[in-house]
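Q: Here is how the chains run, residue by residue.
There are 2 protein chains.
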Amino acid sequence: MTTLAVDCMGGDHGPRVTLAACRQFLQAHPDAHLLLVGAQDQLGGLVHERARVVHASEVVAMDDAVEVALRRKKDSSMRIAIQQVKDGHAQATVSAGNTGALMALARYLLKTVDGIDRPAIAYPMPNAKGGATTVLDLGANVDCTEHHLLQFAVMGSALVSALNHVEAPSVGLLNIGEEEIKGSEVIKKAGELLRSAANSGDLNFYGNVEGNDIFKGTTDIVVCDGFVGNVMLKTSEGLASMIGGFLREEFNRNIVTKLAAIFAYPVLSAFKSRVDYRRYNGAALLGLRGLVFKSHGSADEFAFSQALNRAYDAARNNLLERVQTRIAHARPLLVGSEGEARTMETAAS
Amino acid sequence: MTTLAVDCMGGDHGPRVTLAACRQFLQAHPDAHLLLVGAQDQLGGLVHERARVVHASEVVAMDDAVEVALRRKKDSSMRIAIQQVKDGHAQATVSAGNTGALMALARYLLKTVDGIDRPAIAYPMPNAKGGATTVLDLGANVDCTEHHLLQFAVMGSALVSALNHVEAPSVGLLNIGEEEIKGSEVIKKAGELLRSAANSGDLNFYGNVEGNDIFKGTTDIVVCDGFVGNVMLKTSEGLASMIGGFLREEFNRNIVTKLAAIFAYPVLSAFKSRVDYRRYNGAALLGLRGLVFKSHGSADEFAFSQALNRAYDAARNNLLERVQTRIAHARPLLVGSEGEARTMETAAS
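As you go down the protein sequences, you meet chains A and B in turn.
Residue 755 is where the first sequence starts when you use our numbering, and the numbers rise one by one after that.
Residue 755 is where the second sequence starts when you use our numbering, and the numbers rise one by one after that.
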């Protein structure tokens, strides 16, 4: 039996969207159970034998500071949802709320897996091959060492093997050229480390890739630090939105172009569904001792149900164990960063 | 009289494209003169009273290492073209050749402007407002300090004021959030420095921007380090190419969709011209004691002539003096980096 804890209050739309998506999800998965976390009086809309409400009196707002989520709103739907995973009542949780708060709460409540310094956020980006390229980190870590990038590569491999059923997914290191001598010092060292990991059988390392390779689908996974990843993601959203806007404007220009739009409608619909990022909604927070998935804040019913599907697949395919097993296997290569982590702990104690 | 030195051998197509573009350019600008640099026997295709061939016996290949361009091919068309600027025979040069080689040769031959540690590459990216957002640095500098980012901001302001006739163009600092507390240590310090520069009247600093703001056109200029800039540029190219490919595929799917394409043809053409990056071809290498413009390697005749137009406008609008004046004015804020540069020179001597 797989149970998901759903933060029904998070995101731009709250229960109106999350409950509808939960209903869709329950219909699609006859074995799945849901814990609907949030304000009891707002969750009456979904009565189902495999769903149960878990009351939470507070909501983390999209613009709440991390500190507010951590220290003040101790009965938030986001926190209670994560707590369900920690307590073993659910195998994964999904929230469309504030990303920073979700990461901070998840880290605080669940802690990181042994051998992982920092959890990462992994997004699937649609590619020209019709599949998705999984990119991490997308925003959680701004200053990364080569060891962090190796950890991301190992965790990303576990994610893709669990969700896409590829045993040895290929990993690219995001860089400004294919040659090994390119990039910053950290990137060059990360390249060496990833090559060592490939030699010891921990990774299927392809080599350096460039920004355009993400959309070409050159590798299954692309690894980068959170700053670069966030800029890449936002840039892509901005460009896609500009191109979509131009296309709409041109077809809406006058009566003739509107007529053309009617003729072209089936083609434009097919095109739209191919570039529909909602199909890939559901980013994984990796490296925690529990499964947490983040939906886009503006997700609609379809998009949010996709995030639920991804979390469900991850739980059923033992993503948590896969991450732990792979990290344990790569342990000798991660020793540099653990030394660093130990030093920091010693300094703090 | 404005004279451009054109590297006619550079780029994927060489003289076939560059000469055709030069002819177009000479027709459009009755006062302009050109020095056509390259193999004499390949440049006979353009005979014009305002064009003169300057022979160069070698060509820097697109995959030549920087060292080859610098030390071995001393009679390359790229090098001789830059030399024309250094010797005062031309006010600017344009090349579609190897970017790394062009930057290295330009830096070696022309040297940097006082107060500038590292030249930067500035690209105009089309935005939703119908104009272009100038982004720098795009690939020349992978590890940047906050002082480098300030230098980029000042040079970018000079460029946009010269080419777009905006006296105080707005500058955004590329970051992963709008708040001042976001980003890496370097980015936070850069934010402080840019705010100081705004206070002393050296810049029109808007604040932090995110990746999507480039295409929204939130600011005239966006400043970032060369690693992030390169990833952003390549990602955009990859995404645009994927979206364009999907659109073509859907309209080519069968006889019905091909018929729809005929009806939609005028709309699709108008759309295509709006997203046509060729209109913005011509990146500026800023911070050198001479004007150097880089065309995309795959530029066709139209695109290459746009790069010539940009170089011509920059020369006529005194871009070089504008950069020097603005840098001199911002000198007190740049002192940190000059100290660093002096230390490095001392260490090397």
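Watch out, some of these pointers could steer you wrong.
Stated by the list, open to error - Calculated Cβ distances over 10 angstroms to all of chain A for the following chain B residues:
1. Gly768
2. Arg777
3. Pro784
4. Asp785
5. Glu812
6. Asp871
7. Arg949
8. Gly955
9. Gly965
10. Lys970
11. Ser990
12. Glu991
13. Val1010
14. Ala1015
15. Phe1056
16. Gln1078
As the list claims (entries may be wrong) - With a straight-line Cα cutoff of 27 angstroms, these simulated DSS-like cross-link-like pairs (lysine-lysine) come out:
17. Lys943/B with Lys883/A
18. Lys1026/B with Lys1026/A
19. Lys1012/A with Lys1012/B
20. Lys827/B with Lys865/B
21. Lys827/B with Lys883/B
22. Lys883/A with Lys1026/A
23. Lys840/B with Lys865/B
24. Lys1026/A with Lys840/B
25. Lys942/A with Lys970/A
26. Lys970/A with Lys840/B
27. Lys828/B with Lys970/A
28. Lys865/B with Lys828/B
29. Lys840/B with Lys942/A
30. Lys883/B with Lys1026/B
31. Lys936/B with Lys1026/A
32. Lys828/A with Lys883/B
33. Lys883/A with Lys865/A
Worth flagging that the hints you see were computed from the coordinates, not collected in a lab.
Each residue gets a CB set at the ideal place from its N, CA and C atoms; glycine is no exception.
Q: Run every hint past the structure and note whether it holds.
A: Hints, one by one, checked against the model:
no. : hint                     : result
1   : Gly768                   : holds (23 angstroms)
2   : Arg777                   : holds (32 angstroms)
3   : Pro784                   : holds (35 angstroms)
4   : Asp785                   : holds (36 angstroms)
5   : Glu812                   : holds (23 angstroms)
6   : Asp871                   : holds (17 angstroms)
7   : Arg949                   : holds (20 angstroms)
8   : Gly955                   : holds (29 angstroms)
9   : Gly965                   : violated (3 angstroms)
10  : Lys970                   : violated (6 angstroms)
11  : Ser990                   : violated (5 angstroms)
12  : Glu991                   : violated (5 angstroms)
13  : Val1010                  : violated (8 angstroms)
14  : Ala1015                  : violated (7 angstroms)
15  : Phe1056                  : holds (20 angstroms)
16  : Gln1078                  : holds (29 angstroms)
17  : Lys943/B with Lys883/A   : violated (41 angstroms)
18  : Lys1026/B with Lys1026/A : holds (17 angstroms)
19  : Lys1012/A with Lys1012/B : holds (18 angstroms)
20  : Lys827/B with Lys865/B   : holds (19 angstroms)
21  : Lys827/B with Lys883/B   : violated (44 angstroms)
22  : Lys883/A with Lys1026/A  : holds (16 angstroms)
23  : Lys840/B with Lys865/B   : holds (10 angstroms)
24  : Lys1026/A with Lys840/B  : violated (52 angstroms)
25  : Lys942/A with Lys970/A   : holds (23 angstroms)
26  : Lys970/A with Lys840/B   : violated (42 angstroms)
27  : Lys828/B with Lys970/A   : violated (38 angstroms)
28  : Lys865/B with Lys828/B   : holds (17 angstroms)
29  : Lys840/B with Lys942/A   : violated (35 angstroms)
30  : Lys883/B with Lys1026/B  : holds (16 angstroms)
31  : Lys936/B with Lys1026/A  : violated (34 angstroms)
32  : Lys828/A with Lys883/B   : violated (44 angstroms)
33  : Lys883/A with Lys865/A   : violated (36 angstroms)
When held up to the earlier numbered hints, the structure conflicts with 9, 10, 11, 12, 13, 14, 17, 21, 24, 26, 27, 29, 31, 32, 33 and fits the remainder.
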